[in-house]
Amino acid sequence: MTTFTEPMRALTLRLDDELFAIRAESVREILDLVPVTEVPNSTPFAFGLINVRGRVVPLANLKVAFGMAEVEPDQDTRIVVIETEIDQEPTVVGIVADKVYDVTDIEPAAIEEAPRVGMRWRPDYVRGIGKRRGDFIIIPDMQRIFEIEGRRSGTSTAEERAAS
Amino acid sequence: MTKTILTIDDSASIRQMVAMTLKGAGLNVLEAGNGLEGYNTATTQTVHAVVTDLNMPVMNGLEFLKKFRQHPAGKGIPVILLTTESDEELKRQARESGATGWIVKPFKQDQLLAVIKKVTGA
Amino acid sequence: MSNDPAETFRQEARELLEQLEQGLLDLEHNPADDDLVNAVFRALHTIKGSGAMFGFTDVASFVHEFETAFDKVRKGLSPITPELIAVALDAKDHVHALIEAPDSADGAGEPILAALRGIVEGDSFPDAPMIDPAPAAGVPLEPTGRWRIRFRLPADALVHGTNPMLLLGEIADLGPCEVTALVDAVPGLDVIDPESCLIGWQVDLTHADPVAALDDVFLFLKDGMELSIEPLAIATMSEPELPPAAEAILDILAEEVEALAVVADVPAPKAAKPSKEPREATVAKSETASTSMRVPAERLDELMDKVGELVIAQARLSQLAALSADGNLKTVAEELERLSSGLRDTTMGIRMVPIGTIFSRFRRLVHDLSRELDKEIEFITTGEETELDKTMIERLADPLVHLIRNSVDHGLESAEQRIKAGKSAKGTVRISAVYAGAEVAISVTDDGAGLNAARIRAKAEEQGLITPETRIADQDLYYMIFAPGFSTAKEVTSLSGRGVGMDVVKRTIDGLRGKIELTTRPGEGTTFTLRLPLTLAIVEGMLIRVGNGRYSIPLSAVEECVELPASVATHSRGRNFLDIRGSLVPFLRLRDLFNTPGEPDAHQKVVIISSGEGRAGLVVDQIIGNNQTVIKQLSHLHSGIETFSGATILGDGAVALILDTSRLVSYGQAYEEKFRNESGRAAA
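Protein chains in written order, with the working numbering: chain Y, 1489 to 1652; chain V, 15 to 136; chain P, 184 to 867.
Fair warning: there could be bad hints in the mix.
Subject to a maximum C-alpha distance of 25 angstroms in a straight line, what follows is the list of computed DSS-like cross-link-like pairs (lysine-lysine) [unchecked claim]: (1) V:17 - V:119; (2) V:105 - P:857; (3) P:642 - V:131; (4) V:17 - V:89; (5) P:558 - P:603; (6) V:122 - V:17; (7) V:89 - P:558; (8) V:122 - V:105; (9) V:89 - V:131; (10) P:689 - P:642; (11) P:405 - V:119; (12) V:119 - V:131; (13) V:37 - V:119; (14) V:122 - P:642; (15) V:105 - V:131; (16) P:489 - P:513; (17) V:37 - V:17; (18) P:405 - V:80.
Keep in mind the hints are simulated off the structure, nothing from the lab.
Fair warning: this is a prediction, and the values are worked out from it, not measured in the lab.
Model the full assembly from the supplied sequences, consistent with the hints where possible.
Here it is, written out as structure tokens:
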């Protein structure tokens, strides 16, 4: 895991019943839920596209990476538009969040390494687990998540379907 | 597409002259001897324009015109009246009845062709 | 634009030398073409003149000698031979060196001139008549009057047989004119009487005095109609037909479009707005340089961005106008649509450059390679007119050069080997460019020996990329040539070894967000295909609906649309073919391909698309209509998706995916082949 030497300025958001912290400087903007265009034959992770002021931005479902249940969107649902690296290229993507809290600093002392065993999720997806006001906050490794989840594209299924 | 012109006149020689002129210009020609015959022809066959005399037995030119304009086939088809004099009142009546234009008799062949070209583009 | 006159000359000279080279290469194949000889001569003459003016005296004096020697050729006193062309090309290279790196060129000039003189002094031809190049002729127009004619016909004119088109045609016969329809009296679609003539017309006509002629045009209608004929100077001061704000906008847009056309040297789209002065004299372009301007690429980028945004905003306006009952608003919206379409075409014309500009440079390359390697090569180019973004073309030059060198050096066998293999002694290298949906496909093909799988395998093992036990399909093996450090050249020849390996080619193509594919047949040849996205392209698309999703199909790929016959819709029994005027076209049900839930609409439609030689039908729920799409590339997250080549934003703000037509056609072909094999097996 990466050692945290400085406080992490993070945006806190909730997916299902877990809190996540995203590096604040990677966050471009936060939007209300907008119409989503589904991408046929994509993975559940990279499921959609949205229009952000004339720019086509892919939408990712982080819950897929963490094996979480889907919930109906409500008035708290937001789209957090972040910039991350995919195939070594900086890419703008949106992630759906069930609720967005605030931007806070998480002290390095409060961040612990993710346990190698016994954790619900893939350890390489988690940079660390922080604590904030008594709650555990997962600090995801966005680059790694996108690298692994993004690779599983459904091309062969499309061709198979076409040939059937 | 070759256009078809209907000529209605009780004078066979006029009809013949008109037919010859128009056929010479590559048009098809149908003939009728009075307004009623003309009406029957024009409403049952494809006609791209009508040249009709005014004074005819059974049904004259104006009556033909009014009746023709009421028939679905008659809306929008150019109808040219042959008049013997430049009577303004007559022209007004003709226009009101639905005429597209007129030619004053006696007329030269190229005058006829010019008017046909003007209203049909042929 | 550079402030340094020397730099200006260098840029101009570079272009002229390029023209010179092309001219010389063309001349080799068409020695009897006097126009080419004159073009070469003109280029030399211009370089000499400008060189002298900007202080490049070495250049001027060398070219003078070159010109003198070539003069004999021009007079027909010396024939054009391959030797002459070769020396002339050397001379051109020397001029290039003199301009770019004068120190290195010292002393190289004399031998070239000596060689040139030697060839030219030799034979002499009888005096051949020389064709004088026709000077560019300007055709000034007589200033004539401009008139504004406005007319409205009686409402029953149409029923009474009057055809307004013929009337307008008669007016058009009188002289150049611009026609605008006046639709303010046209009510909404729900109350309109289609038999009534409620449209008026405004015609701006150039004519000395049309009053008498117009009398004749409206001969039968004069009494019942409204007609006004005014000289245009007065007309512009009278009440405008459009609301003033709209006029102002249209004025500005029309000017901008025309100004851009001047910059881009592209004919401006005709604006319906009347111009305030008589048309300027149009002068026929001269054959050499046409007026051009240098514009920083970033400014063009900005412009393209703005045009893209304008197209989207205008689409939204058109949507709103369609819902409104306001006739004037609709008119302005349509006008705006026309102007924005014109703007789009003009700006795309600036930034997009035909790929032929780099193809021509390859002809020289192949020519030189052919001589150096002593291989006879036929070099064929197709699709020179295919346009790409300017920066992309520049970045493609090196990779394509490498691929061509590779084909010639390693792909094509020597003449004896070819003959032994039963091929013609002359090898063929073909380079082609073609649009495929939202991409451009550029291929380099040779009819040489093909890739050697065994050799590649050996090298891959040597490099440690795979172990001897690794099982790998041939196709995947071939792709290993793109791995870094890989090179199967037995020796690094001066031509192909320069640190520019296949891995650099791949990296460059990746950097352009493109893909590189290769197919090879041992003994028959190899084809490399580069697929590159059309950046910032704004093209016409056909919008379709499959389930709840909307998708765009590039209109250039659409051949026609038909209804899916009811019989086929319900029981095709796995035989997904349509009979289109006698030929069987395979079709794909997009609902199935996209895994769309729910039931298909009744009366499904089929859009027949074509790509290259193949066709396929796409079965959709609904064909919505055409629209202009601003092509947006899909991000890396979706780079693996094959059925879509991009996305676009529709008038209502929703995102629609753009179908990759070439991919879909190849699915169709694969299905066809599979079907043929299976039914062949069944019949056997």
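Here is what the structure says about each hint:
Of the supplied pair hints, the one linking residue 17 of chain V and residue 119 of chain V holds, its CA atoms being roughly 24 angstroms apart against a limit of 25 angstroms. A hinted pair counts as satisfied when its Cα atoms are at most 25 angstroms apart, and residue 105 of chain V with residue 857 of chain P does not qualify at roughly 76 angstroms. Simply put, residue 642 of chain P and residue 131 of chain V have alpha-carbon atoms about 81 angstroms apart, too far for the 25 angstroms limit, and the pair is violated. Distance check on the hinted pair: residue 17 of chain V and residue 89 of chain V sit about 17 angstroms apart at the alpha-carbon level, within 25 angstroms; holds.
Of the pairs offered as hints, the one joining residue 558 of chain P and residue 603 of chain P holds, with about 15 angstroms between alpha carbons and a cut-off of 25 angstroms not exceeded. A hinted pair counts as satisfied when its Cα atoms are at most 25 angstroms apart, and residue 122 of chain V with residue 17 of chain V qualifies at roughly 21 angstroms. Of the pairs offered as hints, the one joining residue 89 of chain V and residue 558 of chain P is violated, with about 76 angstroms between alpha carbons and a cut-off of 25 angstroms exceeded. For the hint linking residue 122 of chain V to residue 105 of chain V, the alpha-carbon distance of about 20 angstroms falls within 25 angstroms, and the restraint holds.
The straight-line distance between the Cα atoms of residue 89 of chain V and residue 131 of chain V is roughly 19 angstroms, inside the 25 angstroms bound, and the hint therefore holds. For the given pair, residue 689 of chain P sits about 19 angstroms from residue 642 of chain P by alpha-carbon distance, which is consistent with the 25 angstroms threshold. Restraint check: the Cα-Cα separation between residue 405 of chain P and residue 119 of chain V comes to about 21 angstroms, which is no more than 25 angstroms; the hinted pair holds. Taken as a hint, the residue 119 of chain V and residue 131 of chain V pair is honoured in the structure, with Cα atoms around 18 angstroms apart against an allowance of 25 angstroms.
Restraint check for residue 37 of chain V and residue 119 of chain V: satisfied, since their Cα atoms lie roughly 20 angstroms apart, inside the 25 angstroms limit. Proximity of residue 122 of chain V to residue 642 of chain P is assessed by CA-CA distance (about 94 angstroms); at most 25 angstroms being required, the pair is judged violated. Restraint check for residue 105 of chain V and residue 131 of chain V: satisfied, since their Cα atoms lie roughly 20 angstroms apart, inside the 25 angstroms limit. The suggested pairing of residue 489 of chain P with residue 513 of chain P holds, with an alpha-carbon distance near 23 angstroms, which does not exceed 25 angstroms.
A distance of roughly 10 angstroms separates the Cα atoms of residue 37 of chain V and residue 17 of chain V; the hinted pair therefore holds under the 25 angstroms criterion. A hinted pair counts as satisfied when its Cα atoms are at most 25 angstroms apart, and residue 405 of chain P with residue 80 of chain V qualifies at roughly 21 angstroms.
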